[in-house]
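Colleague: Okay, here's what each chain looks like letter by letter:
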Amino acid sequence: MDEQTTEIKIERIDPAAAGGPLTFAISGEIDLAVADELTEAIEPAASAGSQPLVIDLVGTSFIDSSGIRVLLKAHRLLAEAGEQCALVLAPGSVAERTLELTGVTDAFPTFPSREAAVAELTP
Amino acid sequence: MNVALGAPAHARAIIESSEDAIISKDREALVTSWNPAAERLYGWKAEEVIGRPISVIVPEHLKGEELEILERIAAGERLDHYEAERVRKDGTPVFVSLTVSPINDDAGEVAGAAVIARDITEQRRAQERADRLQRLTASLAREVSLERAANLVLDEAMPALGADAGAVSLLSEDGGTVAMMSRRGYSKQGVEKWQEFPVTADVPVTEAMREDRPVWAGRAADLERYRDLAGADIKLSASAILPLSVENQVLGAIALSFRDEREFNSHERAFLLAASQQAANAVARARLRESERRARDRLAFLAQASEVLASSLDLDTTLRRLARVAVPALADWCAVHLDDGDVIRTAAVAHVDPGKARLAEELAESFPARHDESGGVAQVIRTGEAQLITHVTDEMLAAGARGEEHLRVLREMDFCSAIIVPLVAGGGTRGAVTLVTSESEVRFGSEDLRFAGELARHAGFAVENAERFSQQRNAAITLQRALLPARIPSIPGTEFAVRYLPAGLDAEAGGDWYDVIDLGDGTAVISIGDVAGTGIAAASVMGRLRTAIRAYALEGHPPDGVIGRLHGLMGDFEDDQMATIFYLRIDPTTGFAEYTRAGHPPALVREPDGTVRELAGAGAPPVGILRELDLKTATTTVVPGSLLLLYTDGLIERRSERLDLGLEQLKATLAEAPAETVPCIDFLVRRMAPQADVDDVALLVARVKGAQADGPA
Chain G
0 MDEQTTEIKI
10 ERIDPAAAGG
20 PLTFAISGEI
30 DLAVADELTE
40 AIEPAASAGS
50 QPLVIDLVGT
60 SFIDSSGIRV
70 LLKAHRLLAE
80 AGEQCALVLA
90 PGSVAERTLE
100 LTGVTDAFPT
110 FPSREAAVAE
120 LTP
Chain A
0 MNVALGAPAH
10 ARAIIESSED
20 AIISKDREAL
30 VTSWNPAAER
40 LYGWKAEEVI
50 GRPISVIVPE
60 HLKGEELEIL
70 ERIAAGERLD
80 HYEAERVRKD
90 GTPVFVSLTV
100 SPINDDAGEV
110 AGAAVIARDI
120 TEQRRAQERA
130 DRLQRLTASL
140 AREVSLERAA
150 NLVLDEAMPA
160 LGADAGAVSL
170 LSEDGGTVAM
180 MSRRGYSKQG
190 VEKWQEFPVT
200 ADVPVTEAMR
210 EDRPVWAGRA
220 ADLERYRDLA
230 GADIKLSASA
240 ILPLSVENQV
250 LGAIALSFRD
260 EREFNSHERA
270 FLLAASQQAA
280 NAVARARLRE
290 SERRARDRLA
300 FLAQASEVLA
310 SSLDLDTTLR
320 RLARVAVPAL
330 ADWCAVHLDD
340 GDVIRTAAVA
350 HVDPGKARLA
360 EELAESFPAR
370 HDESGGVAQV
380 IRTGEAQLIT
390 HVTDEMLAAG
400 ARGEEHLRVL
410 REMDFCSAII
420 VPLVAGGGTR
430 GAVTLVTSES
440 EVRFGSEDLR
450 FAGELARHAG
460 FAVENAERFS
470 QQRNAAITLQ
480 RALLPARIPS
490 IPGTEFAVRY
500 LPAGLDAEAG
510 GDWYDVIDLG
520 DGTAVISIGD
530 VAGTGIAAAS
540 VMGRLRTAIR
550 AYALEGHPPD
560 GVIGRLHGLM
570 GDFEDDQMAT
580 IFYLRIDPTT
590 GFAEYTRAGH
600 PPALVREPDG
610 TVRELAGAGA
620 PPVGILRELD
630 LKTATTTVVP
640 GSLLLLYTDG
650 LIERRSERLD
660 LGLEQLKATL
670 AEAPAETVPC
680 IDFLVRRMAP
690 QADVDDVALL
700 VARVKGAQAD
710 GPA
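Protein sequence lines, in the order shown, are assigned to chains G and A. Just so we're aligned, residue 0 is where the first sequence starts under numbering that gives the first Met the number 0, counting upward by one. Just so we're aligned, residue 0 is where the second sequence starts under numbering that gives the first Met the number 0, counting upward by one.
FYI, nobody ran anything at the bench for these hints, they're computed from the structure. Don't be surprised by glycine CBs; every beta carbon is placed ideally from N, CA and C. Treat the hints loosely; a few may be bogus.
A short, non-exhaustive set of chain G residues, derived as facing chain A with CB atoms under 8 Å [what the hints assert, rightly or not]:
#: 1; residue: S64
#: 2; residue: E79
#: 3; residue: T101
#: 4; residue: D105
Residues from chain A shown here face chain G by an in silico Cβ test under 10 Å; the list is partial [claimed, not checked]:
#: 5; residue: A531
#: 6; residue: G532
#: 7; residue: G618
Turn these sequences into a full structure, and let the hints steer you where they fit.
Modeller: This is how it looks when you write it as structure tokens:
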């Protein structure tokens, strides 16, 4: 098997309104090769627990168990701080179907668009 | 009459004793007088030539020029030091400087001409040699290759001395062998054995090199004393050999050969010494450039090679990349052989020419290296000693060939030079790296041998790493296997088949499992799962989880109770570990089943009528990591005669493809599968597994026979 080069783009969008959620928009393929990068981006914000988190996976074309682990970890850290973590999933996308099949969507509030998620998580 | 018309006695005496040829001719250009010097110069006696046209000494291509001279003389003009080519009675050319004066008759009319001719042949030759030397110096001053330098010196030196054959040979850098660089005029069979020979051979060329002085062999007898010349090229009877040396270091020699015996006069010797000095300087410069270029290439190559060798942990991939990177940087052809015990396996072949690459592969397939061969790769593997063959001769090919066809392919490969170095790994010789030149006609030297050894050492480390990795991987797979149930318990009314498929070569073993537990109350638990991560760590977590599931199952908890307890246990003991599980408890007599799903894709049921459905209820995220897991239990009835399929996601996961497409494909495949468990699972593996080589796969097929199957079979 030849080397696969996996690249993701992680965009951080600070809350527009006070008390609103911090958003991370992730595009590309999430696998073991980029899991650490993703963890480094999301975990500090999740463990601070000072605001809700929206993880936007609309641009995510693939996600495997190492990506799922990062999502679950963020969920746990925020839950410990009493904050929510929501997912944005494009309906019918690979990411949505994968997370549904693996039961991950059962643990998160999910939204079809970032705007809907942000509106829901803004007090 | 032998003197000029009507000359007085004293003038006659002067003419008779003159060193210059003095000739007179009449208006019709007939010779009227011819002195003894003219006889010596042209070879014609006075009595042979007087009364004949002067044109007997004019070469054919200059007849027109002679007519022009006559016209100018007839007009009363006088020619001073006119240089012209004339021809002797024996046909050889002679260069003369002519002074031609009109002879007037009493009436003052031009009655003829007096010609004084001086032989300037030697002067001409000296001039020609000076011109040639200058031309040679100028062309060698430019940046030229070794071969071009050799050709240039032959271009000028051979005609300057009228040589019939010539060659430039170079001494190898270790001073042991002489290789012919360029040659002219020698017969093909005459030079074949002199393409390359040891410096110890007793021939004039090696004598000139060994003693760093010219050898002037003007007579055939001079050549007889060289023992190794016997039968060489008998047509040549004189030779001049000049060493090419710079600051007392001999680089090679120029040899000129002549069909006839001859003297080498001081002018000729001086010319050849000067020409050979120029050539020696050019050779030294070309060698320096060559070695600088090679050093540069090698640094770049080693940097590239170490990168390439570190880029894969798969042995064959590593060796294939090694061969590809060696061509054309080091050789036109590279082959890597591994000693696999009984056979010597060709692990990689690369050739600069794609057509030849196929030929090289054909050669490796049809005539693989064998342990029982005396030379070549087998010998290097046996002895662990490197081999350098500076020049591969046809005799070597014939000696090594295993028959006509083998010899034909070997010849077609057009070998020039070869190096075979042992591939040492883990303290033993594991194989050999062969480098061959053909098209480029590069001759390997001792420096190349050292470098190839260096490269082979790098490759040896890569082989060790790949093998260590492969052992680790095997250890992980072994552990994985050990942690899976050694056998599936027999449970009345059910039949099971299980498979565990390790991932492709580049991936590590993972933490997939399957398990069947007899609860002792007529019901059975089937679990399948996948611990995230790879290697020994994931495999050992898998072992602990499987044991815990077994314990909780035997306590009699419902599925969500078992997995919920497992999740709690993981929170305590398995920091940040995550696993997906499908857990199902079934009563085979009724087909009633309860199940729960944590992060795991649905199990499949094939009904007796062939329809396939998903057990997609009771979904929850994977166990581990989350603080709380909201698990559920779903129920279903698996009617007797159904097939139940549990699997891990490696079977359906495709990169950049929706997981449910893989699931749909699996459902379609299961619909077509045979009804018996073992043929069914083999069918699924055959159809689904080839696409799933990046992840481990565990799968389990259960056939529920129902109560009626418990009767006599």
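Colleague: Determine for every hint whether it applies to the structure shown.
Modeller: To see whether the hints hold, each was checked on the structure:
no.	hint	in the structure
1	S64	4 Å, holds
2	E79	6 Å, holds
3	T101	4 Å, holds
4	D105	6 Å, holds
5	A531	4 Å, holds
6	G532	8 Å, holds
7	G618	4 Å, holds
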